[in-house]
Amino acid sequence: MKKLTLALAATVMMTSPVFAGDAAAGKAKTAMCAACHGAAGISAVPMYPNLAGQKEAYLAKQLRDFKAGNRKDPVMAPMAMTLSDEDVANVAAYYSSLK
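Quick note on numbering: the sequence shown equals residues 1 to 99 in the numbering used here.
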């Protein structure tokens, strides 16, 4: 049973995404984001979600989904399309670092 648990844990760890975004570099990419999501990731408009303190993996997945067309939004899709994979990781790291 211990071997099975260890094997399962190792498999999960190896298949989990690794996020090593640079929050400082991410901050430099968020000027356009601030218009809707607020300068510090807290939106003043109820229809736009707060990004500050959100989980890094969640933010990165949402941005990747907008880029790939798996998540549809006429405003966010074009914004996400301008981000490289590195930018996505960095922006996610930045917003997740905010409280």
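Any given hint could be a false lead.
Unchecked claim - Distance condition first, Cα-Cα at most 30 Å in a straight line; then the derived DSS-like pairs of lysine-lysine:
id : residue 1 : residue 2
1  : K67       : K55
2  : K99       : K29
3  : K55       : K29
4  : K72       : K55
5  : K61       : K29
Claimed, not checked - Restraint-style ranges between C-beta atoms, simulated for each label pair:
id : residue 1 : residue 2 : range
6  : P74       : S97       : 26 to 32 Å
7  : K61       : L98       : 15 to 21 Å
8  : P46       : A24       : 25 to 31 Å
It should be emphasised that the hints constitute simulated quantities derived from the structure, not laboratory data. From the three backbone atoms N, C-alpha and C, an ideal C-beta is built for every residue, glycine too.
These are the hints, each one checked on the structure:
1. K67 with K55: holds, 19 Å
2. K99 with K29: holds, 18 Å
3. K55 with K29: Holds. K55 to K29 sits at ~18 Å (cutoff 30 Å).
4. K72 with K55: holds, 21 Å
5. K61 with K29: Holds, at roughly 17 Å.
6. P74 with S97: 26 to 32 Å: holds, 29 Å
7. K61 with L98: 15 to 21 Å: For K61 and L98 the Cβ distance comes to about 18 Å; the hint holds.
8. P46 with A24: 25 to 31 Å: holds, 30 Å
Checked against the numbered hints given earlier, this structure breaks none of them.
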